[in-house]
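Student: Sequence:
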Amino acid sequence: MMTALAGGVGAAKFLTGLVRVLPEEELTIIVNTGDDIEMYGLHISPDIDIIIYTLAGIVDEEKGWGNR
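Quick note, the sequence shown lines up with residues 1 to 68 if you use the numbering used here.
Rather than coming from a laboratory, the hints here were simulated on the basis of the structure. Careful, some of the hints might be misleading.
Derived SDA-like pairs: lysine to any residue, alpha-carbon spacing no greater than 20 Å straight-line [said to hold, decoys possible]:
{"id": "1", "residue 1": "LYS13", "residue 2": "ASP60"}
{"id": "2", "residue 1": "LYS13", "residue 2": "GLU62"}
{"id": "3", "residue 1": "LYS63", "residue 2": "GLY8"}
{"id": "4", "residue 1": "LYS63", "residue 2": "GLU26"}
{"id": "5", "residue 1": "LYS63", "residue 2": "THR16"}
{"id": "6", "residue 1": "LYS13", "residue 2": "ILE29"}
{"id": "7", "residue 1": "LYS13", "residue 2": "GLU38"}
{"id": "8", "residue 1": "LYS63", "residue 2": "GLU24"}
{"id": "9", "residue 1": "LYS63", "residue 2": "THR28"}
{"id": "10", "residue 1": "LYS63", "residue 2": "LEU15"}
{"id": "11", "residue 1": "LYS13", "residue 2": "GLY66"}
{"id": "12", "residue 1": "LYS13", "residue 2": "ASP47"}
{"id": "13", "residue 1": "LYS63", "residue 2": "GLY41"}
{"id": "14", "residue 1": "LYS13", "residue 2": "GLU24"}
{"id": "15", "residue 1": "LYS13", "residue 2": "LEU27"}
{"id": "16", "residue 1": "LYS13", "residue 2": "ALA56"}
{"id": "17", "residue 1": "LYS13", "residue 2": "ILE37"}
{"id": "18", "residue 1": "LYS13", "residue 2": "LYS63"}
{"id": "19", "residue 1": "LYS13", "residue 2": "ASP35"}
{"id": "20", "residue 1": "LYS13", "residue 2": "THR3"}
{"id": "21", "residue 1": "LYS63", "residue 2": "ALA11"}
{"id": "22", "residue 1": "LYS63", "residue 2": "ILE52"}
{"id": "23", "residue 1": "LYS13", "residue 2": "ILE52"}
{"id": "24", "residue 1": "LYS13", "residue 2": "TYR53"}
FRET-style restraints, in silico, Cβ to Cβ [claimed, not checked]:
{"id": "25", "residue 1": "GLU61", "residue 2": "LEU18", "range": "29 to 39 Å"}
{"id": "26", "residue 1": "GLU62", "residue 2": "MET1", "range": "30 to 40 Å"}
{"id": "27", "residue 1": "TYR40", "residue 2": "GLY17", "range": "28 to 38 Å"}
{"id": "28", "residue 1": "GLY66", "residue 2": "MET1", "range": "26 to 36 Å"}
{"id": "29", "residue 1": "ALA56", "residue 2": "ILE30", "range": "11 to 21 Å"}
{"id": "30", "residue 1": "ARG20", "residue 2": "LEU42", "range": "12 to 22 Å"}
{"id": "31", "residue 1": "GLU25", "residue 2": "LYS63", "range": "29 to 39 Å"}
{"id": "32", "residue 1": "GLY66", "residue 2": "ARG20", "range": "15 to 25 Å"}
{"id": "33", "residue 1": "TYR40", "residue 2": "VAL19", "range": "17 to 27 Å"}
{"id": "34", "residue 1": "LEU27", "residue 2": "GLY66", "range": "37 to 47 Å"}
{"id": "35", "residue 1": "VAL21", "residue 2": "LEU42", "range": "18 to 28 Å"}
{"id": "36", "residue 1": "ASP49", "residue 2": "THR28", "range": "25 to 35 Å"}
{"id": "37", "residue 1": "PHE14", "residue 2": "TYR40", "range": "14 to 24 Å"}
{"id": "38", "residue 1": "LYS13", "residue 2": "ILE44", "range": "19 to 29 Å"}
Remember, predicted model here, so these are calculated numbers, not experimental data. Just so it is clear, CB atoms sit at the ideal spot from N, CA and C, and this is done for glycine as well.
Model the full structure from these sequences, guided by the hints.
Tutor: See the structure below:
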């Protein structure tokens with residue numbers, strides 16, 4: 001069992017490699033929420049978003065953030 005503390009684009013890239021060598025049931029990822037913000041009544045979690053988009057393979061590679 002391994003736990004990774006993660007936040008941002010660099011962590012997303014690191015986790016991409018880590019999930020290739022560890023079975024998913026052996027990995028727990030704790031993602032930074034310190035940069036979360038509320039805008040126009042919506043809760044936005046940029047670090048969680050980039051981690052999910054990257055691990056799902058839908059991150060916009062040109063911009064380096066967001067989804068395709």
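Student: Honestly, which of those hints from before does the structure not fit?
Tutor: Violated: hints 4, 7, 8, 9, 13, 17, 25, 30, 33, 34, 35, 36 and 37.
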